[in-house]
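Participant: Work the whole structure out from these sequences, hints included.
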Amino acid sequence: MARCDGTAQAAPACAGTARGRDHGTSDPRSTSDTRQTGGLMIPRVRVADIGRYEGQAVQIAGWLYNLRSSGKICFPQVRDGSGIIQCVAVKSALPEELFDTLKHLTQESSLMIQGKVRAEARAAGGFELDVESATIVQRVPEAAPYPITPKDHGIDFLMDHRHLWLRSRRQHAALIVRHEVVKGIRDYFDSNGFVLVDAPIFTPAACEGTSTLFELDYFEDEKVYLTQSGQLYGEATAAAFGKTYCFGPVFRAEKSKTRRHLTEFWMVEPEMAFADLEDVKRVGEELIRFVITRVLENRKEELKVLERDVTKLEAACAPFHRMSYDEAVVKLKAKGSEIQWGTDFGNTDETLLTDDLDRPVMVDRYPAAVKAFYFAPAPERADCALGVDFIAPEGYGEIIGGGQRIHDLDLLLKRLEEHQLPREAFEWYLDLRKYGSVPHAGFGMGVERFVAWMCGLEHVRETTAFPRMLYRTRP
RNA sequence: UCCUCGGUAGCUCAAUGGUAGAGCAUUCGGCUGUUAACCGAAGGGUUGUAGGUUCGAAUCCUACCCGGGGAGCCA
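Per this note's numbering: the first sequence = residues 1 to 475.
Source of the hints: derived by calculation from the structure; they are not laboratory data.
All clues given are correct.
Keeping only pairs whose Cα atoms sit at most 35 angstroms apart, straight-line, the calculated DSBU-like set for lysine-lysine is: (1) K151 <-> K183; (2) K257 <-> K223; (3) K257 <-> K331; (4) K151 <-> K257; (5) K333 <-> K414; (6) K312 <-> K335; (7) K257 <-> K304; (8) K72 <-> K103; (9) K151 <-> K312; (10) K300 <-> K183; (11) K414 <-> K255; (12) K151 <-> K72; (13) K300 <-> K257; (14) K331 <-> K414; (15) K335 <-> K257; (16) K333 <-> K255; (17) K116 <-> K304; (18) K312 <-> K255; (19) K304 <-> K72; (20) K257 <-> K183; (21) K151 <-> K255; (22) K331 <-> K255; (23) K116 <-> K300.
Facilitator: Here's what the structure looks like:
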């Protein structure tokens with residue numbers, strides 16, 4: 001049972017800090033609309049910025065997060081998306097009607113409040129707003145109160161109310177961390193010579209042929225599928241631009257119902273021409289360390305809300321562990337696993353492999369038989385593929401999978417045949433081996449698993465606003 | 001697909017075969033510093049659905065529906 005985060009202590013307002021600005025990042029929590037309101041020359045400010053207005057009259061616009069009252073004084077907590085601030089309404093200082101309205105206001109009613117900003121040591125965010133006037137925009141009726149009350153709720157109920165649950169403090173924090181992760185990923189690639197070239201979402205056939213695909217009716221009896229990876233297209237764009245990445249949703253019709261699975265998730269997939277397995281390992285490690293550093297620098301408050309042990313993330317910034325599949329099998333057997341050489345790791349194996357590590361491990365040179373058709377064989381050992389998986393610590397599992405692709409036409413044709421894949425569907429892909437074929441490599445990183453790891457979440461469903469899962473497609 | 005756990009008030013749960021309860025939410029009352037505020041009172045139930053066993057079923061049995069966790073597969 002997750003404790004409800006519907007209501008909790010007041011805002012990480014942390015006003016006046018320069019958080020997020022060193023990188024020139026756009027911070028969704030720090031831009032105040034400074035327009036004048038109602039001809040009264042009172043600035044409308046966001047809660048995150050309120051510390052800059054100490055001693056001044058301001059207006060905030062938001063929703064009632066929680067309310068406590070004590071006879072002749074009441075404390076409406078207002079959230080506005082940038083933070084939460086406690087307001088103070090004193091009966092003797094306000095028109096009776098206004099005080100009564102506030103005292104009996106219902107949770108999540110929308111309102112605008114004008115008042116004076118005051119530093120307050122007792123407030124979690126360091127500031128309070130002394131109410132001078134208020135406008136209720138929409139009052140939530142008592143007959144149908146806001147369902148997510150400030151107590152415990154079950155996951156089924158919360159997921160049914162996901163559209164409202166997003167307003168809760170922990171969910172809000174997790175999605176802000178996701179925002180930072182996505183921004184960090186893009187900044188990393190954009191500043192390292194990669195060009196964003198997105199892959200299509202409707203695809204004519206399997207990219208890998210292994211996982212189940214979602215099938216759709218296209219026009220004139222044609223079937224198309226929702227993409228499960230943009231990789232094959234990435235190989236084409238890498239030959240056009242040198243280094244590219246695609247970043248978008250992918251779909252897996254696997255009937256997986258675990259804390260690590262969604263049927264729709266976001267994946268970033270870089271692809272590099274004139275590159276090999278070692279480049280994948282280098283870029284993947286740089287990317288992860290870059291993004292972790294960003295999150296640690298810019299999202300301290302959110303990590304605090306999420307009660308994330310940041311020392312674990314700091315430790316993960318050290319150089320990653322590296323081992324071959326052969327070495328991993330030896331280690332697993334020594335730890336009691338039943339694993340046999342030639343089979344892929346299950347989740348229990350992944351956890352076993354990393355439970356004594358404080359940072360990700362890169363496992364490379366898997367048996368070719370368990371990898372997709374396009375993996376290049378190791379030159380010194382043809383039964384091993386030049387693929388690598390990055391396995392995160394703390395049981396978060398595989399967060400990156402990738403490797404070097406076959407660039408030899410004849411070998412690729414042989415592999416298509418071995419995997420019983422129809423050559424016609426891959427003609428365009430084979431062209432890439434006919435016209436200036438070069439060694440090339442790339443990988444995919446699943447955003448939700450990465451965000452779950454950053455946030456220390458139990459389940460990937462809380463890392464995306466509206467998760468799509470085996471038995472849940474609403475709201 | 002398989003294994004496993006669950007479904008009782010708006011929410012979270014209790015009640016192990018004998019009168020269906022508590023906390024929160026809602027309403028009313030009290031309180032000038034509350035931090036998931038607190039105190040008092042009230043309203044609120046076809047126990048997931050359909051059968052069955054029994055004098056008697058939330059409780060035991062069968063089927064189905066819905067959901068949680070996991071396996072396989074995967075990021």
